[in-house]
Amino acid sequence: MFITADTIPIFSSAIIREVTNSPLKINLMELGFLPGKVITLQHSAPMGGPMAFKLEETILALRKTEASLIQVEIL
Amino acid sequence: MSESTTIPHPTKYPKIAIIGNPNVGKSTIFNQLTGLKQKIGNYPGVTVDKKVGWMDFSGHKYEIIDLPGTYSLYPNSEDEIIAHRVLNNLSQHGQPDFVLMVIDSCQLSRGLFLATQLIDMGLNLALVLNMADIAKRKNLSIKTFEIFKTLNVPILSTDARGEKGIDQIRDLIHQQNFSKQNTFLDIEEVVPADILNQVKEKFNLKSTYQAYQLLRFGTKDKAIPAADSAWLSQLVASHNFDMEAAQLEETSLRYQKINEIVEKTVVKSPTQKQEAGIDKILLHPVFGYFIFGAILLLIFQAIFAWASVPMDLIDGFFADLAGWVSNALLEGPLSSLITEGIIPGIGGVVIFIPQIAMLFGFLAILEDTGYMSRVVFLMDRWMRPFGLHGKSIVPLVSGVACAIPGVMAARNIGNWKEKIITIMVTPLMSCSARLPVYVILIGLVVPSETVLGFINLQAVALLGLYILGVVGVLFTAIILKKILKSDEKSFLMVELPTYRAPRWLDVLLTMYNKSKTFVLEAGKVILAISVILWVLASYGPPERMDQIRAESVVKLEQASPEQIAEVENETASLLLENSFIGIMGRAIEPVIKPLGYDWKIGIALITSFAAREVFVSTIATIYSIGSDTEDELTIREKLNQQVNPETGEKVYTTATAFSLMVFYAFAMQCMSTLAVVYRETKGWKWPLIQTAYMTVLAYVSAFIVYQILS
Numbered sequence: 001m002f003i004t005a006d007t008i009p010i011f012s013s014a015i016i017r018e019v020t021n022s023p024l025k026i027n028l029m030e031l032g033f034l035p036g037k038v039i040t041l042q043h044s045a046p047m048g049g050p051m052a053f054k055l056e057e058t059i060l061a062l063r064k065t066e067a068s069l070i071q072v073e074i075l
Numbered sequence: 076m077s078e079s080t081t082i083p084h085p086t087k088y089p090k091i092a093i094i095g096n097p098n099v100g101k102s103t104i105f106n107q108l109t110g111l112k113q114k115i116g117n118y119p120g121v122t123v124d125k126k127v128g129w130m131d132f133s134g135h136k137y138e139i140i141d142l143p144g145t146y147s148l149y150p151n152s153e154d155e156i157i158a159h160r161v162l163n164n165l166s167q168h169g170q171p172d173f174v175l176m177v178i179d180s181c182q183l184s185r186g187l188f189l190a191t192q193l194i195d196m197g198l199n200l201a202l203v204l205n206m207a208d209i210a211k212r213k214n215l216s217i218k219t220f221e222i223f224k225t226l227n228v229p230i231l232s233t234d235a236r237g238e239k240g241i242d243q244i245r246d247l248i249h250q251q252n253f254s255k256q257n258t259f260l261d262i263e264e265v266v267p268a269d270i271l272n273q274v275k276e277k278f279n280l281k282s283t284y285q286a287y288q289l290l291r292f293g294t295k296d297k298a299i300p301a302a303d304s305a306w307l308s309q310l311v312a313s314h315n316f317d318m319e320a321a322q323l324e325e326t327s328l329r330y331q332k333i334n335e336i337v338e339k340t341v342v343k344s345p346t347q348k349q350e351a352g353i354d355k356i357l358l359h360p361v362f363g364y365f366i367f368g369a370i371l372l373l374i375f376q377a378i379f380a381w382a383s384v385p386m387d388l389i390d391g392f393f394a395d396l397a398g399w400v401s402n403a404l405l406e407g408p409l410s411s412l413i414t415e416g417i418i419p420g421i422g423g424v425v426i427f428i429p430q431i432a433m434l435f436g437f438l439a440i441l442e443d444t445g446y447m448s449r450v451v452f453l454m455d456r457w458m459r460p461f462g463l464h465g466k467s468i469v470p471l472v473s474g475v476a477c478a479i480p481g482v483m484a485a486r487n488i489g490n491w492k493e494k495i496i497t498i499m500v501t502p503l504m505s506c507s508a509r510l511p512v513y514v515i516l517i518g519l520v521v522p523s524e525t526v527l528g529f530i531n532l533q534a535v536a537l538l539g540l541y542i543l544g545v546v547g548v549l550f551t552a553i554i555l556k557k558i559l560k561s562d563e564k565s566f567l568m569v570e571l572p573t574y575r576a577p578r579w580l581d582v583l584l585t586m587y588n589k590s591k592t593f594v595l596e597a598g599k600v601i602l603a604i605s606v607i608l609w610v611l612a613s614y615g616p617p618e619r620m621d622q623i624r625a626e627s628v629v630k631l632e633q634a635s636p637e638q639i640a641e642v643e644n645e646t647a648s649l650l651l652e653n654s655f656i657g658i659m660g661r662a663i664e665p666v667i668k669p670l671g672y673d674w675k676i677g678i679a680l681i682t683s684f685a686a687r688e689v690f691v692s693t694i695a696t697i698y699s700i701g702s703d704t705e706d707e708l709t710i711r712e713k714l715n716q717q718v719n720p721e722t723g724e725k726v727y728t729t730a731t732a733f734s735l736m737v738f739y740a741f742a743m744q745c746m747s748t749l750a751v752v753y754r755e756t757k758g759w760k761w762p763l764i765q766t767a768y769m770t771v772l773a774y775v776s777a778f779i780v781y782q783i784l785s
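Taken in sequence, the protein lines are chains A and B.
For the first sequence, our numbering assigns the number 1 to the initial residue and increments by one for each residue that follows.
For the second sequence, our numbering assigns the number 76 to the initial residue and increments by one for each residue that follows.
Incorrect hints may appear among the rest.
Calculated from the model, a selection of chain A residues having no Cβ within reach of chain B, i.e. all distances over 10 Å [what the hints assert, rightly or not]:
no., residue
1, F2
2, I3
3, D6
4, P9
5, S12
6, S13
7, I15
8, Q42
9, M47
10, L60
11, R63
For lysine to any residue, the following SDA-like pairs were computed, each having C-alpha atoms within a straight-line distance of at most 20 Å [what the hints assert, rightly or not]:
no., chain 1, residue 1, chain 2, residue 2
12, B, K564, A, T65
13, A, K25, B, Q322
14, B, K339, A, V38
Simulated from the structure, these hints should not be mistaken for laboratory data.
Ideal Cβ positions, reconstructed from N, Cα and C, are used throughout, including at glycine.
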C-alpha cells in the first residue's frame, strides 16, 4: 500500500507512484510531480500549513490537500 | 479563426513572442533586448499586464512581446489564458511570427513540456536554455547539440543575468533562425484522427495539434465565436469523446518522451546543498515570521522616511507652479480653474509617485530574490480562515503605503473569490494618505504624555489606528467569505525559486513602468473629480455670492492694513460656506450630526472623497486659516478654538476627533483606488459595492465611537 505525500515525515524521501485523478492532476503533473520521481519533504509551515518538497532541482510548495493527491512509497 | 479572418498585424515589424515557465528569466531577456523601449498595457478582456517592446538591430526594428509565465498550453489562470490565446491566434494581437521559448537549464524536463507543445503547434520556434551559470554551479551539464538533433529546433545556451548570450539572441532574431514546422508527439495517438481532421478542415488549420487545442478549449474560451464553440461541443458530444482523459494521456506520453531525451542529454554530478541553509532560517516556523516582520518594518520605515523627501519637493513644486501660473494669467475663472483645480489635481496624483515607485521597487526586489514565494508559503495557513490566499499578503502589505499598488498586486491570485475578497479589503489597510488626518487629530485630543517611562500616548493612538485597519480587513474578509459563492477550488502550488541577487535594471524598469501606469490610469479620474470639486467649491447661487463679494469690498475699504488678510480669509470662508459644496455640507449635516460633526466637517468629508489628505486643506480653508496650511500648529490651535454656536461647547472634543479618525480609517475616500478597482475588476459593480460597504462600516463605527465617548 502507498501512503499520500502529506504524511511524509520531514526530511524523508519518497518515490511517486501515482497521482490521484482529480482536476488538479494535470497541474501537479505539469509541475513535475510524475510517477517515478523522487520527492523530499524540506519544510512544513506551522499549524498544518503548506509543505515544501524538493523535486529534482526545484522546491515546490503545496497545501496538504494537494499533497494528499500524490501517492508515494517511502524510500 | 480561419486564415481569412485573421486580424492584420497592428505593426509591420516582425513580431517575436517570449514564452516560458515562471521564474526562468523571460523578463530579464525581454528587458535586455528592449531596454526603455517598452510599454505596459492590458490584454483585452483580462487584467494581465501586456509587455511589448521594440528591439533595434542593425537598422531593423522588431516587436517583442513578453508573455506571462505558463507551465503548459492548458490554461489555468488568466496569465496562462493569455499565452494560450496569443499562440492560438485568438487574441486581437495577431499571431507572433516567431516564438522564443526560454527554459531554465536546471529544469529541462518541465521546460521541454511546454516547448514540445509549441513544436507541435507548428510555430516558428527557437529555444533558449537560460541560467547556464546556475546549472554549472549545480554540476549539471547539458548536451545541447543532442537536444537540437532530437527536436530539430535552434537552441542557444545563455546566462541572461550575466548578459551572456544576449547578443546571440539578437543575432538569432535578426537572422530569423527559427525552426520550420515539425512534430514531436503525434496527437492522433490520443485523439481519433477523424475528429481532428474535421476541426482542421472547418477552421482551415495547418497543424493537427492546433486542431486539438481548439477542440479542447474552444468550447470554453470566450474569445471564440459562439457558433464555432457550439459546433465544437457538438463534435465532441457526437463522438462521445472524453477530453480530460485525452489530456491526461497526452501529458503522460509527452513526459515519457521528454524523460528519454533528458536521460540522454543531462549529466549530473553530485552537488552540495546550499539553498537549504538559507531556507532553514527564512522558513523557520518561528524565526521565519520574525524575519518577515522585520523586513516589513524596514520597508515601511523606508517608505515613510525616504519618500517624504521627494514628496515634499513635488508638493512644493506644484505650489510654486500654481503661484507662477496665477501670476502669469489674468485673474478670472480660467486662472482659478488651472491653479485651484487642475494643478492641485495633477499634483495630488503625482505626489504619490515616490511612494508607489519605492514600494514597487521593494516588492520587485523581494520577488526577484525569490523571497516573496517564501512569504506566500509562510502566510497561507494564516490567511485561509479569512477567505484569503497566501498570495493575498502581497496586496495587504502594499496597502499600508497605498491601496493602489496593493489592488494591482491582487492580479496574481488565480482563484476568483480570493482575488475579489483581497481587492475589497485592501483599502482598509491604513494607507499613508490617512496619516496627515491622524496626525492632526491625535495632536488635538491625545496628550503628548509618556507612560511607563517610554510609551508615548500619541504613538499608541496612532498604532491603534493601524491595528484597527487590520482588524477591519480580517472582519470584512470573513463576512465576504461567507457571502460570496464560488465553486472554484482554491489551491496553492508555488515554486520556491533559487535565491538570487536582484537585477537592478529590472527593478528600476518595474518602478518606472508601474508608476507610469498609475499616473496615466488613475490620473484621468482624479483629475476629473478635482475639476468637479473645484467647480462646486467656487460657484454658488449668484445672488448670495455677489452679496458676499460686495460686502467684502466695503469691509476691505474700512480695514486697516493689518486687518486686510483677516478680512480676505473671512471672505474666502463665507464664499465656501455659500458655494454649492457648502450648501451640500449643510444638507448632509443632519446625517452626520449623530457622529458629532457639524456642516463644516461635512464639507471636508465631501471634498476628501477624492483623497483623504484633502481633509486637512479643506478644514484649513473653512476655518479661514488662510493659505498657510504647512503649519500644523496653526490648524490645531484654530480647531481647538472652534466652538459650537448653539451649545457653546468645543467642536473638536475627544469624542468628535476619535469618531473622525475611525471614519477616515474605514471610509472609501480615494478616487484613485476606485479607478484602479474598476480597472482590475472590469466593471463598476465591485467598486460600487466597496464604496457602499466601507461607507456603512465607517458610519456605524464612527457613530458607536462618538456615542460611547461623548
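ask   = Taking each numbered hint in turn, which are not upheld by the structure, reported in ascending numerical order?
value = Violated hints (numbers, rising): 8, 9, 10, 11; every other hint is consistent with the structure.
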